[in-house]
Amino acid sequence: MSTGEVLLCGQNITRRWGGLVALNQVNVELTRGSVHAVIGTNGAGKSTLINILSGEFPPSEGTVELLGRDVTAWQQPKRARAGLGRSYQRNTIYPSFSVFENCRLAAQATHQKPWAWWQSAQNCELSCGIAESVVARSGLTDLRELSAGLLSHGQKRQLEIAMCLATRPQVLLLDEPLAGMGAEETERMLAMLAELKNEHAILLVEHDMDAVFRIADRVTVMVNGSVIACDSPEAIRSNPLVQMAYLGDHA
Amino acid sequence: MKSILFRTTLIAAAAALLSTAAFAQTGAKLKVGLMLPYTGTYASLGNAIENGFKLYLTEQGGKIGGREIEFVKVDDESDPSKATDNVNKLVKRDNVDVLIGTVHSGVAMAMAKVAKESGTILIVPNAGADAVTGAMCAPNIFRSSFSNWQPGYAMGEVMAKKGIKKVATITWKYAAGDETVRGFKEAFEKGGGTVVKELNLPFPNVEFQALLTDIAATKPDAVFTFFAGGGAVKFVKDYAAAGLKKSIPLYGSGFLTDGTLDAQGADADGLFTALHYADGLDTPKDKSFRLAYAKAYKLQPDVYAVQGYDAAQILGIGLKAVNGDVSKKAEFAKAVEAAKIDSPRGAFSLSKAHNPVQDIYLRQVTGKENKLVGVASKALTDPARGCKM
Amino acid sequence: MTHSRSIFVALCFALLALFPLVSGSYGVDFVTKIMVFAIFALSLELLVGATGLICFGQAAFFGIGAYAAVLLSSDTDASSIAWLLPTCVAAAAGYALLVGALSLRTKGVYFIMVTLAFAQMAYYVVHDTPLGGGTDGIYLTLKPVLGSWIDLDKGNSLYGFTLACLLLVFGFLAVLNGSRFGRALAGIRVNEQRMRATGFSTYPYKLAAFTLSGGIAGLAGFLFAVKDGFVNPEMMSWHLSGAVLIMIILGGLGHLRGALIGAFAFALLQELFKSEAIFGSFAKHWHLGLGLSIIASVVLLPRGLVGLPEQIRSRLLGAKQPGGTGL
Amino acid sequence: MDISTFLIQCLNALQYGLLLFLVASGLTLIFGIMGVINLAHGSFYMMGAYMAYALAPIVAATFGGGFFATLLVGVVLAVIMGYVLEWAFFSFLYEREHLQQVLMTYGLILVFEELRSLLVGDEVHGVEVPPFLAGTLPLGEMMTYPIYRLFISGVCLLLALGMYLVFTRTRLGMMIRAGSANREMVQSLGIDIKFLYRVVFAAGMAIAVLAGMVAAPVSSVYPGMGDTVLIICFVVVVIGGIGSIRGALLAALLIGLVDTFGKVLLPQAAGVLVYVMMALILLWKPDGLFKAA
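Protein chains in written order, with the numbering used here: chain A, 1 to 251; chain B, 1001 to 1389; chain C, 2001 to 2327; chain D, 3001 to 3293.
Please keep in mind that the hints were generated in silico from the structure rather than gathered at the bench.
For clarity, every value in this text was computed on a predicted model and none was experimentally measured.
Positions of the beta carbon are idealized from the N, C-alpha and C atoms, including for glycine.
Any given hint could turn out to be false.
Residues from chain C shown here face chain A by an in silico Cβ test under 10 Å; the list is partial [claimed, not checked]: (1) F2172; (2) R2183; (3) A2184; (4) A2197.
Make a model of the complete structure from these sequences and hints.
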């Protein structure tokens, strides 16, 4: 599994809402084994970028390639089945289901077999097996039977990541996974991301600058829908354009 | 001690024997199932029919054909989808001897089917669906009201005789409307007239403006219509408001102005309608009926009350002939078929298909009443198409 | 299904099986009608309770099943259930497929109104055109039979046949809710966006659920037409779509038992308030009693009748830990 | 169909559309803006019609008021009833599922229908047009047009403009729209949302009752009349786009057009046309014609 293989790339992606240009000729590449962070002020177009890459809605111009195939026209479910998992800024989980059932249902997406109505979903070894492993991996084992709605905010974010992993994706688009997390929970999440990095290509949209510069291999900075810089973390930190536009005068 | 015990059981047995004997001698109460609309748009018609029926009962001293009556009432809500269950409630659960009902034609059709299968005597006090005494006719099914065909046909004859040539018809697109207009067309075209336009709208839609404008555009010599209840009130007022009343005379079946005159007010003045009852018949029977009804219920009787009253009379005639034994169906039917029913509307008899052969009166609205003008057609018999009895 | 719930359901079906032995022919007819409406309520429960699709036109599929049963039967010889029943179910499912394919493009209240629109279209086609025999309806002269051992003309055999259908539909839906397809429907109800993000194309699932629900409603329509031997356009009116929706909400959404309990409760409440024995002349105003008891159920039973035992238990034993998959 | 008949039919279509908007206006408020699925809207309309019939003699007897005095008394009564109704039956329903509102308002339909039967009986009634509005205008050589129908159209346009201005141009309107979008947020901003909803519900009911009273002389008063308008009111609100008053007005006019010309040109399909149109519009624009307000 060679690192550096490009799994997902978006070429001059543009998105217009009537007169407003939300994204302007954005290029982005995700390579296996690396975390590509995208930072920028609110309204820079980060979420719009993730939504277009994940297929939530199509770009006005530009193309998206996943594992070498042009998926621009593909709907979100088809891209997800092709190996693209994503998490949302506002956690989207199944509050009334148990933690285990959340993961099991996500795992079921890879082999749905809807016609097999006589088989109970609970004893489908494949989805239960995957669910067991992702629950363990995200440290939620002791909360396994609890209704997801009763988890703390941090635990819900971890559950969302676990549900992404349950679909066996190759590319992960994470929308502010650290938002609202305590220090100890942030550490555990960064550890998980570091571990995930080897097998997956990760896009990380995040505001927590320390975390970004600790984990990211490449950083893209966006302002008002366009990319003003895309480089290694160190180069970005010392780039005058970025400082002036984003970090203010302190470096 | 034993003897006392013996004596009491003897007396108890005798008493029990006596009561059952007495019970048999006067005959158990006749169970009459009243299936009428007590809720919804036809609720007032249901009340009028029940009042008319009970008036005859009180006049006969609480007995009909020598038997006391026990009423079992069911609200049919004028909903055909619930009709079969409501009828089964009366026939199977309460096993009534006689069924009286109903107003809505769809419900009456379901009642006719159950009555035909179970053999229970059914007297229809209003629903005018031709099929009840047509395709669905049966020895145990009678009707004390009319068939939709009759008022339509009578008015067709009247308008043809008046020399009216071009007529437009307008009604709701449901059984009562279609059958009345069909009856009208048959008589009117036989009398040399032509129906230039047949307008109809979905039931219970009451937006008439578009069709009134269409009538004005076709400029017929006259308009024939069938509406009842709230629809009749609105149509007459809209027709007058649209200024058509002065230019194109409006004729209709009696239900256009029966029980709705105070709601319609002056807009209904002068309208000609045809029905088997009218105000101011002043025959002795009608006068005594109206007096008794007004005294009993503090309101004026309408055609529905008359039909309820006559349903009771038909039951009385049949029961007398079989002296209270309802199981003798054939004699019951034969007696009723032969009888002449002395009704407030005027004496009438039942046709072979058990629909009233009656005079249809021409009436004109004057002073909030449907005043009798003349007889539209004498002893009109429903053709009872499709009846194989 | 947890232990206590399956015992309750088994008890219900046992009672239903024994009922004809103790009741007269009217009671058999009456309970047959309620069971037909229970099947009809179960079909809507699959849509509203399991998938979260509130359909306000279910009476159209019910009516199509009923009209198909009457229009396809001949007056000379009794048609066989073997082909008539599947055809009626297929006819209703076919219309459901068409309506679903179009209406599932809309969401929320708009979906409710589009399903109502398609149901009203079916109603007016039957009400205004000769196809449906007009407003007075049509008669079913000979009731269907199956070989020599099921004759639906006899009350008790129709009762048994309807009970068997209810049992089959209930069992099928219970298994289906537990299957992968059922869990996917539950996921769509709770959070459709997450389902799409994990890779479920939700439109085909919803369409399959809509068509299946239409077919089951068609089965209920078939049974109703055979029971009455008479079909009328009012069977497709929005009043019936509303009534069946009220049944499953009254019973409690999200539970198959809710549909069962709701159908029985709605019918028995009406009988209670209509009975002359209890209310005498006030029975004429039975709408008032029914309306007040429905309002009381909304105030007192937020989760419907099915939630009653749990509510009582939680009030007696202090708050219970809610969890697990509701069934 | 010559030109003069065509013009008269257009006038009929316009007038029916405006009447439809008037009847559905209370629903655009309670269902459209507040998001409460109110099946009892038909009952409110029926209540208005019966009030116009029953209150007229009482108002005339007590302080000799005419048509407008009866309207005023009716609206005041409706506001009080709406206020109490919201407090008693709706205040705890906003957090609950939409379907709980459906069940509650279904119960209310049954209760109102029976109270009407108990209080006023089951007969059919008519309501007299006030004398100074009773005249007619000549229309084409055969027909005349009742002035009262023009009065109704006037009331409707006034109401549409008033509601539109209140909801889009005033702070109250903005608060109400915010409340229906996110109830908790508005509450946290310190606005007493409970009182606000009670006022809006009372206003919605008052408008529905006013519509019933104004339309009574034309629609006549009969049992079950609320039932016939209920579905068409929801069609108007939904086609127009939930929460949009402009949308509801346009939808009402569209239905007026389709229904009027449908009856004349395609009589057998008259019943189906409105629903075919609704299905087409919602499939073309799944969120109705206009966005909110």
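Could you check the structure against the hints above and give me the numbers of any it violates, in ascending order? No hint contradicted; all consistent.
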